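K.L.:
The lines below spell out each chain.
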Amino acid sequence: MNNILTVTQLTKKFGHITAVDTLSFSIKKGNVYGILGPNGSGKSTTLGMILNVVNPTSGGFSWFDGTHNTHQALKRVGAIIERPNFYPYMTAAQNLRLVSRIKEVPKSKIDEKLALVDLLARKNDKFKTFSLGMKQRLAIASALLNDPEILILDEPTNGLDPQGIAKVRNIIKKIAAQGTTILLASHLLDEVEKVCSHVLVLQKGKQIYFGKVTALTTDHGYFELNATNVDALQKALSSITAIEHIEVDGHYILAYPNTPLDIAELSKSLADNGIVLTHLAQKYKSLEDQFLTLTQNQQA
Amino acid sequence: MKRLFLIEFDKLRANRSSRILIGAYFILLTSIALIAAIKFDIGPIKFHLAEQGIFNFPYIWHFNAFIGAWFKIFLAVVIVSMTANEYSNKTLKQNLIDGLSKREFLHSKWLMIFALAAISTLFIFVVSLILGLIYSNYTEVSIILKDFEYLLAYFIKHIAFFGFCLFLGTAIKRSAFALGFLGVWQMFEGICYGLLKWKSPEWLDAEQVFRLFPLNAMGNLIHEPFSRLSAVRNLANQVEIDLLKNTSVQFWDIIIVLVWSFIFYSLTYRLLKRRDL
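Taken in order, these protein sequences are the chains called A and B. Under our numbering, the letters of the first sequence match residues 1 to 300, in that order. Under our numbering, the letters of the second sequence match residues 1 to 277, in that order.
None of these hints come from the bench; they were simulated from the model. Treat the hints with care, since some could be wrong.
Stated by the list, open to error - Here are the simulated lysine-lysine pairs, DSSO-like style, with alpha carbons at most 30 Å apart:
id, chain 1, residue 1, chain 2, residue 2
1, B, K197, A, K126
2, A, K174, B, K90
3, A, K103, B, K173
4, A, K13, B, K90
5, B, K2, A, K128
6, B, K173, A, K135
7, B, K2, A, K13
8, A, K235, A, K283
9, A, K123, B, K2
10, A, K174, A, K103
11, B, K102, A, K13
12, A, K75, B, K173
13, B, K102, A, K206
As the list claims (entries may be wrong) - If we take Cβ atoms under 10 Å as the criterion, some of the chain B residues that face chain A in the derived model are:
id, residue
14, R13
15, A14
16, N95
17, D98
18, L100
19, E104
20, H107
21, K273
22, R275
Small disclaimer: the values here were computed from a predicted structure and weren't measured. The beta carbon of each residue, even a glycine, is placed where N, CA and C say it ideally should be.
Hey, can you work out the whole structure from these sequences and the hints?
P.N.:
Listed below in structure tokens is the structure:
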């Protein structure tokens, strides 16, 4: 049983607006997935549908190869959607006890998970007295209560201060290191780049990329160069067949190869042409640049 | 089922205002006993309400079921606010994400309705039994056991009323507006009755149509008990008013109210199922 979630042609329309447009992807055990997209691209609606709170207009999804119906499956899932939702008049422990009843897990887990997120000392305080960071950590404890097979997080660091963000990220990293499958929706690209192995890119509800993060970011990279004689450098670069095109970016010349090109080889061939380099660096596009290219291509 | 009950019980128990309202409700139910203390002693006129026969078996079942039902608005506030809060705190959404199905959510609420109605009925039973044993002129078992249908009617009336409240809380999502709507609905039924009386064609019996309205049907389950009192009858005879109407629990009223309960249950489920959260 490797497929945790299979989504086929999932669509959601709100009136004449198509919020999610024929999404198809599958989530396999052990990977960390990111859902990327600007605000309003349909991330939360997609998660809402697979979590049983938004009714799909058409298409469908199945959890755990269809062996469980949705609400049974959700007992094996941990999810945090947008803001943490708990009963304000209940204490942290009472809230988690309610969740343990719903998920049918033993109450002994409550203290364990509260300790994991540093809230054990506040377990008997009411939820409404918590700060946003504490609320978010309680939500994580609640999502982990059943030792889920997949953890779903929607913008988990939204609105937190830097310390809060760091705390939440550390917890996510710890969980990912244990081999738990994670599905993380975010518009913060570095967040996704840091923790995800696979990524689903959405724009206006449409799926524009689904696959490995490395496949998205690793093209052949590019070279950043400078030399004592810039004109000679440009001429020399354009004579190298592996270089597809050249760009001038401020002080540097950027050279884009279309096949893998070894940096030592490039340096040698330029030296052979009598170029004296003052700067040479091989660079890769960040996920952010890739994402912008991808979304711009779609708009064009 | 135990799981669903405990889920709702946990929610209710932790809520301070609900605890206070439920506590106040049962204190008020018990306060029916205070009627026994009503005494006038003005020279030649001696009047002790408890000795006018209101606590006689089996009449007491009817009397207390009628009086006790007034207080149900306290529990209605609890049910409406607990339901509306599930929306405003977005905890309904969280419950579903945690793995409760919409059907299970609704059943946990309905189990609470059944429990509240059952406890309330049991309470009325105990209070009436004690009052009756103290004040009733007849305490033979065969007389005590008569007219138990008023307790059944009391139970069903509460189920239907709470079901209506749960539906309104779900539909309107704001407790104050939902309770306000309950009042508006009561007026709406009154206006409809007036219109029916005034304008309905001859082949249509206004009384019979009005009998189908939910709040009126709930009211019809337990008619006012006062015209059964001998003191009231004597007075009515003197001024030549005929009070000989049937005040017993009617089978068809029970059916109408049960059908409404089912309609409220189904409508609430439809709302839950269709709405995106």
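K.L.:
Against this structure, judge whether each hint is valid.
P.N.:
Right, here's what the structure says about each hint:
1. B:K197 to A:K126: 55 Å, violated
2. A:K174 to B:K90: 28 Å, holds
3. A:K103 to B:K173: The given pair, whose Cα atoms are some 26 Å apart, holds under the 30 Å limit.
4. A:K13 to B:K90: The given pair, whose Cα atoms are some 22 Å apart, holds under the 30 Å limit.
5. B:K2 to A:K128: Satisfied, since the Cα-Cα distance of roughly 28 Å is no more than 30 Å.
6. B:K173 to A:K135: Answer holds: K173 of chain B to K135 of chain A is near 24 Å, not above 30 Å.
7. B:K2 to A:K13: 38 Å, violated
8. A:K235 to A:K283: 21 Å, holds
9. A:K123 to B:K2: Roughly 26 Å between the alpha carbons, so the hint for K123 of chain A and K2 of chain B holds.
10. A:K174 to A:K103: Holds: K174 of chain A and K103 of chain A sit about 23 Å apart, inside 30 Å.
11. B:K102 to A:K13: 22 Å, holds
12. A:K75 to B:K173: Distance of about 27 Å is within 30 Å: holds.
13. B:K102 to A:K206: Holds - the C-alpha atoms of K206 of chain A and K102 of chain B are around 29 Å apart, at most 30 Å.
14. R13: With a closest approach of 9 Å, the R13 of chain B hint holds.
15. A14: 5 Å, holds
16. N95: 6 Å, holds
17. D98: 5 Å, holds
18. L100: Holds, because the Cβ-Cβ distance from L100 of chain B to chain A comes to roughly 5 Å (cut-off 10 Å).
19. E104: At about 7 Å, which falls below the 10 Å cut-off, the nearest Cβ of chain A leaves the hint on E104 of chain B intact, so it holds.
20. H107: With Cβ-Cβ at 13 Å, over 10 Å, it is violated.
21. K273: 8 Å, holds
22. R275: 8 Å, holds
Hint check: violations occur at hints 1, 7, 20; the rest are consistent with the structure.
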